[in-house]
Amino acid sequence: MNKLVKKTLITAVLAAAAFALYYNFSLLPGYQDLEKGISDYIITYGLHDTGSLNLITAVLYDYRAFDSLGESTVIFGAVSGIVLILSRKMLPVSSKGLSFIVKRTLGIMTPFIALFGFYVITHGHLSPGGGFQGGVILAAISIIFSIVYGSAFDYRRYSPQTKTVLETGGALTFLVIGLAGIVMEGAFLKNLGFLTAERGTLISAGSIPYINIGVGFKVGAGLAIIFYSMIQKTFEEDF
Amino acid sequence: MNILEIILLIFLVFSAVMTVRFDEELISIIFLSIFSLILTALYLLHKAADVALAEAVIGAGLNTAIFMSAISQIRHSDSD
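Chains A and B, in that order, are what the protein sequence lines are.
In terms of this note's numbering, the first sequence opens at residue 7 and continues consecutively.
In terms of this note's numbering, the second sequence opens at residue 4 and continues consecutively.
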């Protein structure tokens, strides 16, 4: 009898979920806008609407900024879950680092990698790139430190607390700009018109560069935290 | 469809098959990284620079590092 009730309950819940999903999808608008050519609209009016030379960034952080906010939330959830499962009260030490030559070479190269990362983030509205790609480049610096210098170096320089603060700060920047859109322009994440400058300059395109910077720091810190909690933990914290 | 694209596509399929066929995890990961690099070149050939940058950074850079750390943990727990 108990089994029968259980089976009935499961069937009822599944049927309700299927109905809810069907109802949800039936509310979606049809494809008539696509046939009229929404891509043609963006190619024609994108530069005029947003001031961003890179139309992909214009779509990502202006027309579809709410989707990007959802993506950032997904990354935040992934980081939270991985840290919750894998974090231990130990200092992770993957290795003692590589040889002297590799350490010196990377010491010379690392500032240029960081410069390239910041370039990709801040020029997201002018050239290919954007917050996500630049953030991953910044996360690669943390990975390089962990591999080449040993992860204790990375721990001392950029502790997980610092990375958490950076990630939260990036997410808050995104949200604050979205709320500023409500206050000043009347819609969530609407492009802030008073920030627009001459096209092609570094600080143009309204709020897109600032959202890029927020997303960049958020993604970089989040992916560095993920890598850091996944590497081998062998030593107790003793410094 | 020019000759460079055909060569890249052949190498793409080759590296994908090699990734699955090898038993050694390290070689599989390296072939996966090569797969990402060839895909980056293909994206650039089709003038999708944003996607190419994301693929190069995530597929060839970050994925390799995370998979390497994962297999190093698996091997440690095997030998212990």
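Calculated directly from the structure, the hints in this document are not laboratory data.
Here a beta-carbon is modelled for each residue, glycine too, at the ideal position from N, C-alpha and C.
Some hints could be false.
Listed next, the stretches of chain A that the computed footprint assigns to chain B, with coverage defined by at least 3 CB atoms under 8 Å from CB atoms of chain B [said to hold, decoys possible]: (1) 17 to 29; (2) 127 to 139; (3) 221 to 234.
Hints, verified against the model:
A count of 0 residues in the region 17 to 29 of chain A with a Cβ less than 8 Å from any Cβ of chain B is obtained; the coverage claim is therefore unmet, three being the minimum. Judged by the Cβ-Cβ criterion of 8 Å, the region 127 to 139 of chain A is covered by chain B as claimed, because 5 of its residues qualify and three suffice. Check result for the region 221 to 234 of chain A against chain B: holds, 3 residues qualifying (beta carbon to beta carbon below 8 Å, three or more required).
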